[in-house]
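**Q** Residue strings, one per chain:
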Amino acid sequence: MADAAVLPAPIAKKVPGRFWIVPPAALLALLFFYPLVLIVQQAFMDDSGMANVGEFVRVLHARFFLNALINTITISVAATAGCLIVGLVLGLILAFVPFPGSGVIARLIDTFIALPTFLVTLAFTFLYGSAGMLNAGLMEAFSLQAPPVNFLYSTWGVVLAEVTVYSPFVLRPLLAAFSLVDRGQIEAASVLGARPFRIVRQVILPAAVPALIAGGSLCLLLTVNEFGIVLFIGAKGVITLPLLIYSKAIQESAYQVACIIAVINIALSLGLFGLYRFAAGRLGA
Amino acid sequence: MSVPAFTGSNVMDVDAAKIRGAGSNVHFDKVSVAYGAHVVLHPLTLDIAPGEILAMIGPSGSGKTTALRAVAGFVRPASGRIRIGATDVTDLPPYERGLGMVVQNYALFPHMRVEDNVAFGLRAQGADKALIGERVKDSLATVGMSGFAKRYPRELSGGQQQRVAIARALAVRPRVLLLDEPLSALDAQIRRNMVEEIAKLHRDLPGLTILYVTHDQTEALTLADKIAIMRDGRVSSHGPTAELYRRPPNRFTAEFLGRANLLPVTVTEGATGPKGFAKAKLGDALLAGAARGEKPGDKTLLCIRPQHLSLTGDEEHTNRIVGTLKEVHWQGELTHLVLDVDGTPVRVSATRLPVSLPERGSVVPLFFAPGDTSLVPEDARG
Amino acid sequence: MLVWSRPGRIVLWLVFALLFSVLFLAPLAVILLSSLADQWNGVLPSGLTTEHYSDVVQGAAWKAVKASLVTGFLAGAVALVSGTWAALALRIQDATLARVLGVLFFIPSAVPSVSVGLGLLVAFSHPPLLLNGTIAIVMAAHFVLISAFTFGNVSAGLARLSPDFEQVASSLGARPAYRLRHVTLPLLAPYLVAAFGLSFALSMGELGATVMVYPPGWVTLPVSIFSLTDRGDVFAGAALTMVLVAVTLILLLGLERVTGRQARS
Ligand SMILES: Nc1ncnc2c1ncn2[C@@H]1O[C@H](COP(=O)(O)OP(=O)(O)O)[C@@H](O)[C@H]1O
Ligand SMILES: [Mg+2]
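Residue numbers (this note's numbering), protein chains in the order written: chain A, 1 to 285; chain B, 286 to 667; chain C, 668 to 932.
Bound-form chain A, shown alone (with noise of 0.2 Å):
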């Protein structure tokens, strides 16, 4: 090959690539975002079509979407706490005073992850429902009347449920960001006299403060959207705002109201869904 002559510059190429997102992304805005859209704009319309928020304003006020609000924010809260907890003290366990076999029952819980979430209450049911193994054997044992234990058709019941269910999304992160201390630093620690509780709170949980906020924002997030848990349990009282779309739309075919609950489920759940990815940016996940 001669080098004398330089060829001239071939044009340059524009790259096709930038249309390669179209067709998942037209998929994903017809299934997803079109009927959403649809959602809000039944939420602030009326049959003829015209913008109305009386509507909107009306279920805002009413006696059952209130409830359901708090009912919603109660138990997110509250399972979310517990998920914190279980999950640090099955973590804590884990990861540093491991046990013959402990690998296999980290693994184990993670696969929770994967089980329907209704299997939970269901189990539940047999524990603790009012002829449950507990109330059976309490009744036989003190010969009582009726079921002493009715935790289950409550709000905490719920919130059990959701604590089993959700702790393996606390737990997950946990493990890892646990796996990334540093072992001889707590040797160095014990070495020198400190007491377990010391080197936990000064050593491993300041490692584990993003993790748990990354996992604790998840479980926000998934208790205020939980549905299959309340729909078993089914107890009359407890009404969560998923709950009480299912219930507006498929039983009393109120699709108004409805989208309007929806409207505002689905903006609390975007507002802990950005809470999430900050927390999770924060993490570097």
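These are calculated hints, taken from the structure and not from any lab test.
Even glycine gets a Cβ: it sits at the ideal position worked out from N, Cα and C.
Incorrect hints may appear among the rest.
Claimed, not checked - Simulated restraints on C-beta separations: (1) B/HIS323 with A/ARG107: 41 to 47 Å; (2) A/SER102 with C/ASP900: 37 to 43 Å; (3) C/ARG673 with A/LEU205: 20 to 26 Å; (4) C/ASP831 with A/VAL57: 55 to 61 Å; (5) C/GLU923 with A/LEU180: 22 to 28 Å; (6) A/SER102 with C/ILE802: 41 to 47 Å; (7) B/ASN390 with C/HIS793: 53 to 59 Å; (8) A/ARG107 with B/THR503: 47 to 53 Å; (9) B/HIS323 with A/LEU180: 27 to 33 Å; (10) A/LEU205 with C/ALA765: 34 to 40 Å.
Guided by the hints, dock chains B and C with the ligands onto chain A, whose structure is given.
**A** Below, chains B and C with the ligands alone, put in the same frame as chain A:
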């Protein structure tokens, strides 16, 4: 010298000849690169001759990889053109540039056997089966890895993986071979062997143009025909290897390429005599050194390598300075001494020492030959 | 190790055992037990039977297993293709657009599933886009809900893939399509398999959107478990739940073995 891959068959000899002739020059024509507002390569003009090994060395972050990736087509120059042979490749996608590239961590495809890794480029270009088989055999033989064709990369040591990576790049008969810190993931002993292997590879394939990026001056000094020293996105100096080492054009080059003592001197007399030595004063001592056009009164640096300083003088070592002995490190073959000369620490690597080693703190004369020195201007910056 | 004294460790292990049994072990065990229970009026069932399982294999429950499997595979496959496609395509967008689109692809995982179902009902109940009452609307709901997870998994895999592999491939003359087929996708395979496994599992357990949109002839496992237990037929519900758990776990373990083998080879 035997070339395992190219003996015994005429077809292969033709191939070998083709490689010898196939080298192209690489020309950077005012190439600059920026990430946003951050300019990482200032307009760079540089030519690599066909068949030449150019080592680009410099501290981390000085823009070496950026320059190499601009040739490969993975970073777009903000301005300037890059030519390979007669082709302006600036706007060509990487897969149309006809190069071979080897990276620091080998990047062998883990899901392919060694032979499939080596065959990858030819298959991607749609070469026919017979040719692929032949080339894979040749290339593996060239790097001495013929026995490992059926292995997976994870079954090889780091050095072996790097050989396969080189074979993979050679199999496509590249016009230019780009090597980005190819040995820095290997440990010292294997690295030394690999440097020799690459030198031998280039003797076998003398037409192959190689751009060799490294931060290791030993690799550069051993392999390169020419060296370009990068600093802060600019070429600080560029020239034939021995020349750059012996007559560094600036302080940065002197210090980066090998070890150097740089004594601040004042020129008293420009280049004179048959050898063109200038005269310069260091304190009271009058020294002769290889000049680079200095005028009397210029303040400059006298560069002398540690191995050229001696505690004993003879008629060749006509330069003489005195210093206070600060440290002595005996290392078997070599003894490293540190002296203080007028406030400048001076390092000496001596193979022979006087019978009675002077005490620490004593004042010792140092001798060196004017031919071993060079006058080096202080850097404009820093 | 944090706690050196043996009694201290044993106390902690007992705490762990208690939490683990109450929260995770007991529910699984009791579902298993009840799926085999004959009558259960006391602390323990009065007898064991496999009747509930044979009912599953024969009756309408089998249709539910089939509906769930088909939905999971189809929705999972579509989500896998679209998620992988999106993750790959986002890499060649400019950074700001890629970040915005990346968040948009994640949003379906953040909204309550019932509202996804509600949206589909509102959007697709009239011609020309009449999906309500068809199987397609169930597929659509499941696809939307799992798409974010496949997208996320594949994106994470791509982020972990060293750019060197693809760049070396390009420099050797591989065009984008060849590179995708022979380098990128094979290296991503473990993430693709994991993404499919996860989305399949999610689809198998999906309830919220499905109860909103399912047509009469396409009752998935969770929906049919719900209607069984709602009718008071809790033992049959438990048996069906065990089937659901077993199918999910077998699939996940199977896929894990495939990826494990790939990672080793
Ligand atoms: N993708 C990138 N985005 C922004 N800055 C980069 C990028 N790649 C390299 N740089 C910057 O360019 C400079 C030169 O980098 P590089 O060419 O890799 O240096 P070298 O190979 O000499 O160590 C560094 O300051 C580095 O931080
Ligand atoms: Mg570099």
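**Q** Now tell me if each hint is right for this structure.
**A** Hint by hint, here is what the structure shows:
The hint said 41 to 47 Å for the Cβ distance between B/HIS323 and A/ARG107, and at roughly 45 Å that hint holds. Distance hint check for A/SER102 and C/ASP900: the Cβ-Cβ separation is about 39 Å, which falls inside the suggested range of 37 to 43 Å. For the pair C/ARG673 and A/LEU205, the supplied restraint of 20 to 26 Å holds, since their beta-carbon distance comes to about 25 Å. Roughly 59 Å separates the CB atoms of C/ASP831 and A/VAL57, a value that falls within the hinted 55 to 61 Å.
For the pair C/GLU923 and A/LEU180, the supplied restraint of 22 to 28 Å holds, since their beta-carbon distance comes to about 24 Å. Range check, A/SER102 to C/ILE802: Cβ separation about 44 Å, and the 41 to 47 Å hint holds. About 57 Å separates the C-beta atoms of B/ASN390 and C/HIS793, a value consistent with the hinted range of 53 to 59 Å. Checked against the given bound of 47 to 53 Å, the beta carbons of A/ARG107 and B/THR503, roughly 48 Å apart, stay inside it.
Separated by about 31 Å at the C-beta atoms, B/HIS323 and A/LEU180 satisfy the suggested range of 27 to 33 Å. Separated by about 35 Å at the C-beta atoms, A/LEU205 and C/ALA765 satisfy the suggested range of 34 to 40 Å.
Hint violations for this structure: none, all hints satisfied.
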